[in-house]
Amino acid sequence: MEFGFDFVFPQLMAGISRGMLLFLVAAGLSLIFGVMNILNFAHATFWLLGGYIAYSAFTAFGPPSGANPLLVIPATAVAVAALMLLGFGLERVLIRRMYGREVPEQLLLTFALVLIIGDLIKLVWGVEDRSVFLGLPPAVIFGAFINIYYLVIIAVGLAVLAGLYWFLQRTRFGRIVRAAVHSREMVEALGIRIATIYMVVFGLGVGLAALAGGVVLPLTPLALGADIDLIVQCFAVVVVGGFGSVIGTFVAAILIGVTYSFAIFLWPDGALAIIFLFVIAVLVVRPWGLFGTELRT
Amino acid sequence: MEKISDRKWNRFLQSLDRRRFLTVSVAAGALTLAPRFVRADAGEPYNLGVLLPSTGAGANWSESAIKAINIAVADINSRGGFLGKHPIKIHYRDTQTKPDVTTREGRSIILDEKVRAIVGTYSSASALALQEITHEAKVLQLASISNSEKIVGENFSPYTYEFGPNTKMMSNAMVSAVAKLAKTKGWKRYMTIGQDYEWGRNIQNGFVNELKTAAPDVELLREMWFKLGESDLGSYISGIMSIKPDFVFPAIAGKDSRTFMEQGQAMGMLQTTSIVGGQITTVELQQQKDTLPRGLVGMSRCAFFAHLDEPVMQSYIKKYRDAEGQYPTDMACMNFDVVYGLEQAINRAGTIETEAAKDALKGATIDTGRGRRTFRECDNQLNVPTYIGEVHDDPEFPFPIYKRDTMIVVEAENVWGTCDEATANRKTRA
Amino acid sequence: MSRFALPSGHNVARPRLSYLASPMQGTVIAAALGAAIALPFFVGEFWVHVANEILILGLFAMSFNLIYGYMGQISFGHAAFFGVGAYTTAIIIRAPLAETGQIGWGIFLAAILAAPIVSALVAAIVGWFCVRLTGIYFAILTLSFGELLYYIVFQWYSFTGGDDGIQGLRPPAVLMATEGYYYFSLILVAVAAMVVWTITRSPFGYVLRAMRDNQRRAAFLGINVRVHQWANFVIAGAFAGFAGALWGPFGRSVAPGLLGWQKSGEAVFAALIGGANYLLGPMLGAGVFTFLHAFVTKYTEYWPLTIGVVILLLVLFLPGGILSLVPKAWWTRRGASADVPERTKEPVPKS
Amino acid sequence: MTENILTVRGLDKRFGGIHVTQAIDFDLRKGEQSAIIGPNGAGKSTFFNLLTGYHRPDRGKILFDGVDITSWPPHRIVKAGISRAFQVSNIFGRMTVHENVRAAVHAHAGVTFRLFAPAARFGGDEVAEALDRCGLAGQADTVAGDLSQGDKKKLELAIALAGRPRLLFLDEPTAGMSIQETEDTMQLVDRLNRELEISVLFTEHDMGVVFNHAQRISLLHRGSFLVAGTPDEIRQNELVKRVYLGEGI
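Protein chains in written order, with the numbering used here: chain X, 18 to 314; chain Y, 4 to 433; chain S, 703 to 1053; chain W, 58 to 306.
For reference, chain X alone in the conformation it holds in the complex (with noise of 0.2 Å):
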């Protein structure tokens, strides 16, 4: 094979898309992450129940195949909505128990929901794989051919990310976060209570979630377990972009997208294990993360 424009550029873009999706799925774990120090094991889970809230609301608003692709965003929003609630109400009944305990408690409280809602899933949906599929055409860049979709994917997650540099540099809110994160007696002192941080941050965290799940709906076909597939190579993403670094979230995700697009053709017997390759090695050089800072190991 020829390592010409014609397979680079394709390859490429996959690799973005890739890494773009997982920055979707990402991006809420490590705002939840750096924030509140909680590694949460149902994030993915909470992703695959907004997917199936957001095909729920696209089959009430039209047919699962053909329909408008314009519905996507009604579905999303529906679905964007109802997990900022679950995210809510579960930071105020369940998360917040945990602050005072230690690391494995948090997981194992957030992998039981893993459990528990995945079973909700299957009450309520069924084990038939669902899937949305719009039947847009191609788009040809460059003589290469693009699944048009990825240019969504592409869009929305640099969406997502400015979105979050904005909320986290650009307003008092944000500010009052990132100073949550340093040192709580400060944030306290200036009046501010720190248990409505915490809310609003875990269900901005879960609602980001149910946004992934809504968007890549046309995508990929939903099924069980797919959320048990997803979330070790989530918190690999999170892990080597660094800890409670968004940017590094962003730009561990593009990387790994773009290695396996082009591992799957270099080193195929060893493609899958490459994102664990990763973790490892920068977990044993710099444990904080390509982004992260050092204190914070």
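No lab work stands behind these hints, which were simulated from the structure alone. In this text the structure is predicted, and so the values were computed from the model without any measurement. Treat the hints with caution; some may be incorrect.
In silico lysine-lysine, DSS-like type, Cα no more than 30 Å apart, as pairs [claimed, not checked]:
id	chain 1	residue 1	chain 2	residue 2
1	Y	247	Y	230
2	Y	365	Y	141
3	S	1000	Y	141
4	Y	117	Y	141
5	Y	88	S	1000
6	W	136	W	118
7	Y	430	Y	406
8	Y	292	Y	230
9	Y	117	S	1000
Starting from the structure of chain X, add chains Y, S and W where the hints point.
For chains Y, S and W alone, kept in the frame of chain X given last:
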């Protein structure tokens, strides 16, 4: 008390939400108890184990299989059970597609529920793990969805019977079709893409090796493997498109084949590249009726539309439609055959004793939805065909089926090799 | 300052690690052992299989708890060593089995004993890197190594059988009987548990506890923290491998899932359910988990939901595990000792 | 007079561009009991952290009894004969008082790799002695985390002593103690210094303690030592007053 009529049964089943199929299995179990209380002279119940996943990726294919088993069992029970006096009691367990769970659940239903036969398993690894248990306990294992050639080959056990075409038969069948197609279309270069697990590896391997003999001038450019359950196949698809093979052989089944087809379509792969030989069973034909590209060449394991003249198949279709409002899938079809095949063996044996039933199945010819079929004596493989055809809209059905005039039904005898081959690697069992 | 000293974190009473210090404990253990020996005479064959599974999973969970309960780190890759052990035994005995369908005691025992050695070697390599990290980072690094090993086993068809695994792992004839293998497991697991118990009350065992309570302070006692943690990681890996060795011939087959992170999760569950602060907590937890699994699946397919709710309730209301229900005074003759919730951490350096 | 047990030359440490210690020179004579004073944030804890290997200095040299221990890891430094008691009590909260001290004794005795012998077999006498010295004999079986603040500090000291150090760093040894406990503790420190000839370097906020128990006092301010001298000299020193009154220098 009167016997529960077929109609009543069907109405009852229809009244259930279709996703509650497992509740049905429990209910079926409970209801089968009824005749026992009614008939004082009834024999002991026949405990039938069902091991299929209702969790994880295997659940989608297994759902219709479980439904069919329940329908067939209810039908036989309405006649009083096996031999008219042994009502069947179903013991269903979720294997979670994990071999170690399959082992434990297998032991559980054998030892605690005293099952005499176990229908099922979805993955090959689970089937092979279960085989050790059934062989040791001398319990029948009736396989259909899991169809690794190892089950009847290397890991052979006299207690195991395979009701579906095994992987070797399927890939050989596909080879014969592809060799013809390659000749007519002038195909010279191809590649494969497969799910990286036992079944995918098996199918791909068999296909590649056989094609080497059948069409030595067709060159394999590259193999690609992806993780089971992979949600984004974009990198693979763009890779296929830049390699530009004459055709692609996908060793993909289940949900992933949907991902492959839909993403392939959205990237223009299906428009530019011939995809030949994917698993397009009646599950996919029905579930993906709107999105499956027409003209695609695929294969299936038990296509009801190939046997519309067969009275047995007609009854399957009727029963399944009455109960579920759908056509029977490949998985339903094969598992109807399993339950009714077992019934025929028991009828011939005249007893529900397992050894007798096992011996009655040996080399037996049974009436199936796929016509009269015979188990090969040397490896207990039923001589069922593999179906290859082009996805095509048909006015008779609300979903596409294989184009009837070009569909190929590859008979087992042409593809399953000799008995010497089948028994060559067989390991010694104490 | 503690990262987890966050709002409304209520303090959780946590008993100290118990050690065999009272006649009471001796009595309990003797009674449990007696019950285990008598079990096959009172329950059906399937439940003997279940008890056997409990013994093996229990030893696996105890080995995990050397890292979790005693050293204070959570590993999500511990099953890798369990799986490596299981595969080691399987690969050694498969050739003679395929040939003759039988296996001699000599090869069989050698295969069982080889497993902990191979697992320890693998754990030595993996642990070398992992002990440099703590908390979430330790968890993720162990998870990644575990998944890497899983993929190696999964992909290496010629050697490990790939996704299919290896079947036909029949033990010697006496052990083919359910009771035979059960007593075989019982003896080996009891011996292994004794060794684990000895280690936990040795100076080394107390260094582990010291590192758990306060890793930095331990270094200021003159303890080389990494070397001790590494040694413990290797020991835990060896015991996991030993448990794995018993698994293959018990189930007659092995498959790559034995190395996966979900299998590691079972050890975590077991330790949590029974009580990570007690030597036999993980064994009890393995018992409850396995029994529930075997029992619940008879009645419902919603096993994940069931165990999910159980774990949720335990984490919320009984974080010390079932054994924490027993009054502490009952265990030790030294009287009740309440416990300390927070993990003291050194202050951030002021400048 | 005598040789130095601790010699520090040109010790530099920066955290993110801020100098926390700046070209520090410091000497501690063998057998001396010396104190470091300075306002909050002067760099006292950092100085201790550098001396005990918790932080690596950017530049400079630390000699312990003539041996260069710069950049050694903590456990090696402790083995060499330096112990440290922490400012915020820093003990093993879920172990008993006895077990806390015993672990330290075991570490010192080098038996921590004994896997198959009961821990109780080693060091019982040393533990009892250290507990006795520090007034914790009656609390041996109390879980350390349940101790009062004052008792935790005593335990700190007992753990530090278990390592049989030749040089002892005490970071605010009496913080959180009652007047009586403070007095007892400092008398113990004095005795350790006199009878066992352990060199002691301590920091303290309580100036009464400093002036009564230190033979020599050094003032640390913004990462450098400004003044050093006997208690009397320090009492008279204008610079010290200015630093403590915040008048700037």
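Task: Hints violated by the structure (numbers, ascending) - done: Structure breaks hint 7 only.
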